[in-house]
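Please arrange chain B on chain A, whose structure you already have, making use of the hints.
Taken in order, these protein sequences are the chains called A and B.
Just so you know, we're using numbering that gives the first Met the number 0 here: the first sequence kicks off at 0 and counts up by one.
Just so you know, we're using numbering that gives the first Met the number 0 here: the second sequence kicks off at 0 and counts up by one.
What the hints contain is simulated information worked out from the structure, not anything from laboratory work.
Where hints are given, some of them may not hold.
A few chain B residues that face chain A, going by a derived Cβ cut-off under 10 Å, partial list only [what the hints assert, rightly or not]: (1) V150; (2) S164; (3) F271.
Listed next, with one range per pair, are the computed distances between beta-carbon atoms [to be verified]: (4) G168/A / A331/B: 39 to 49 Å; (5) S220/B / T303/A: 54 to 64 Å; (6) T96/A / V33/B: 42 to 52 Å.
Note that the Cβ used here is the ideal one computed from N, Cα and C, for glycine as well.
The chain contents come next:
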Amino acid sequence: MDFTGLFSHFGELTTTGLAQGAIYALVALGYTLVYGVLRLINFAHSEVFISGAFAAIWTWSMLGLNQDSKVSGFGSILLYLLIAMVVAALASALAATVIERVAYRPLRRRNAPPLAFLITAIGASITISEAFGIFTRRLPQGVPNLVSNEPLFHIAGTPIRVMEVLIIGAALLMMVGLDTFINRTRFGRGIRAVAQDPDTAALMGVNRDRTILLVFIAGGTMAGVAGLLYDIRIGAVTYSVGFLLGLKAFTAAVLGGIGNLRGALLGGLLLGLVENYASELFGSQWKDFAAFAVLVVLLMFRPTGLLGESLGRARA
Amino acid sequence: MSGITQGIRTFRQAAGERWRTAPRAVRWSVLAAVIIFFYALPNKEFYQYLGPIPTTESNFGQVLFTISIYVLLAVGLNVVVGFAGLLDLGYFGFFAVGAYTVAVLTSPSSDIKTLWPWLAVVPIAIALTAISGVALGTPTLRLRGDYLAIVTLGFAEMIRIAATSSSFLKGQRGFNQIPHPPGEYADGRPIFGVLDARPYYWLVLTLILLVVFGVRNLTRSRVGRAWVSIREDEDAAQLMGVPTFTFKLWAFAIGAAIGGLAGALFAGKQNFVNSQSFELLNSIIILAAVILGGSGNIVGAIVGGGLVAYLIERFRGIEVLGVELYEFRFLAFGVILIIMMIFRPQGLIPNRRRAAELKDRRKEVTVGG
Chain A
0 MDFTGLFSHF GELTTTGLAQ GAIYALVALG YTLVYGVLRL INFAHSEVFI
50 SGAFAAIWTW SMLGLNQDSK VSGFGSILLY LLIAMVVAAL ASALAATVIE
100 RVAYRPLRRR NAPPLAFLIT AIGASITISE AFGIFTRRLP QGVPNLVSNE
150 PLFHIAGTPI RVMEVLIIGA ALLMMVGLDT FINRTRFGRG IRAVAQDPDT
200 AALMGVNRDR TILLVFIAGG TMAGVAGLLY DIRIGAVTYS VGFLLGLKAF
250 TAAVLGGIGN LRGALLGGLL LGLVENYASE LFGSQWKDFA AFAVLVVLLM
300 FRPTGLLGES LGRARA
Chain B
0 MSGITQGIRT FRQAAGERWR TAPRAVRWSV LAAVIIFFYA LPNKEFYQYL
50 GPIPTTESNF GQVLFTISIY VLLAVGLNVV VGFAGLLDLG YFGFFAVGAY
100 TVAVLTSPSS DIKTLWPWLA VVPIAIALTA ISGVALGTPT LRLRGDYLAI
150 VTLGFAEMIR IAATSSSFLK GQRGFNQIPH PPGEYADGRP IFGVLDARPY
200 YWLVLTLILL VVFGVRNLTR SRVGRAWVSI REDEDAAQLM GVPTFTFKLW
250 AFAIGAAIGG LAGALFAGKQ NFVNSQSFEL LNSIIILAAV ILGGSGNIVG
300 AIVGGGLVAY LIERFRGIEV LGVELYEFRF LAFGVILIIM MIFRPQGLIP
350 NRRRAAELKD RRKEVTVGG
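So here's chain A without its partners, still in its complex pose (with noise of 0.2 Å):
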């Protein structure tokens, strides 16, 4: 235990659990979002996040950067990175289409227990991870240095740097889109009718396969993004470091209430601060520990986290 580290670095820990926390909370809402209209963890929500990941980096490769290449001026920077967010985007919308139409379709066809989704979708995780892995030899791949570590400016002695002010914005303005999208839009009222009432709103005349599939496409974007941003903060992705974050993404879900779209956000920044604080105090290597910790004793007490599970509720 040791807290005088704790509060010499607080607010540096605050700030570098924030942005983790952002990225935490952008793949929570692609869980929270399938958990909100079809009742099911989409396990393989963590590849959907490794493809945007990896197509960041190899859109960048095909860009003529590698690992140690300088960018300087800063519109070529954000063309760059604006090109990879696209691509990231798309990528993992491409790889949460393929699941939701190979993996899950098929089941719901079939009226499968809900047991047989969850094994399906772990089938695909392992299927997707394991072919990245054997596509990257199982090596890590380098990310360029495109965004400086260097402080922007100073706030009480902690010092805010350029990465997290653009991850933490980022993530910020991806959530205020699909927050406008879910309860603005025409679609966004189709996803809250299914998630409230899957036969009424097909009597309605939502069409639920492609709502779905929506759904499925909304969250991968924001995983697409969220691998984007993972590449700039961590700089190398291994084929298997989805896992650890799907399931710590799924942890934030549940944290703020799963079904809810603003929870997720609650959710996340709470468990990258968490994270942070923990390995500051019992040493780095139990940050994981922390996390689930956190998970298993906020079930014991309050089992529908802490905003409460909603989509299709009055307020999602």
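Relative to the frame of chain A, chain B by itself:
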């Protein structure tokens, strides 16, 4: 194509029917023959006539021991997943608890230096894993099934992190000189030595038979009927007066205890336990084995566990077109899991009642999401 599948189906149904209607004496003698076959299998004098079945690489007795541990784990997980319908994704965590209990209490490199003999520690290991199962199950079994899946997954990961990071559990350095099971030949050589893996295999095989006997009797009792009712429809079971929570907890604890037994056996054979022995993917492999064989059916679980562990070992060292097949083993698992769930969710050797449930479900109207 459909003619062939139809033919296979008729053959299988006929075989199943024949087995069920065969006189008891015939069934017992077939069973005895199968058991004798497996006891004889690790002897070179026997397996050299079996053509391509023995693995080319390494010691076949050792491979059989690994397979038998997987079979024992599959039988244990089958109680949780197959009978009670609880999805436990962290089953290997209980295996780790069993192995570490033995390691901590027997090894000279442990901090507490109790140095107890292996045999005395095995019951403690089993009890401790059962307790950890209850401790994990109590908060989570009241929740919906999918939460349980994630929490068990988190539990296995927590055990692994604790094993890697805590100084008490030694991390990568691990525990060495864990004692072997007791027993000597007439000439004073220990039965459970380092070189010969066969006695360990026979020990595990014997324990599998005992466990299977126990589990089989349990499933045909009030407890087993309660499990099936929970699996089929938990709300209905509750309304009919089945104390669902208690029985779910029992299933969880029994499954955990079997996992702990397997862990204790593994530690006694291996003589060395460190944090690298407990990769998370193992939990998934055992789950895949149970599903593949036919969850809810003991024979199915045994066949599934044996087949999966055997195929992994069989892939080792075989090259096709310059790539090693072993590299693709998990990819193959993933694909098999998806295909099985879509086309044959009841497994290779299904439990008849479970298959009927699945068939029945298809005709039901979709309710909710």
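Tested hints:
1. V150: For V150/B, the interface hint holds, since the closest Cβ of chain A sits about 6 Å away, which is under 10 Å.
2. S164: holds, 4 Å
3. F271: At about 22 Å, which exceeds the 10 Å cut-off, the nearest Cβ of chain A leaves the hint on F271/B violated.
4. G168/A / A331/B: 39 to 49 Å: Given range 39 to 49 Å: holds, Cβ gap about 43 Å.
5. S220/B / T303/A: 54 to 64 Å: violated, 36 Å
6. T96/A / V33/B: 42 to 52 Å: holds, 47 Å
Checked against the numbered hints listed earlier, the structure breaks hints 3 and 5; every other hint is satisfied.
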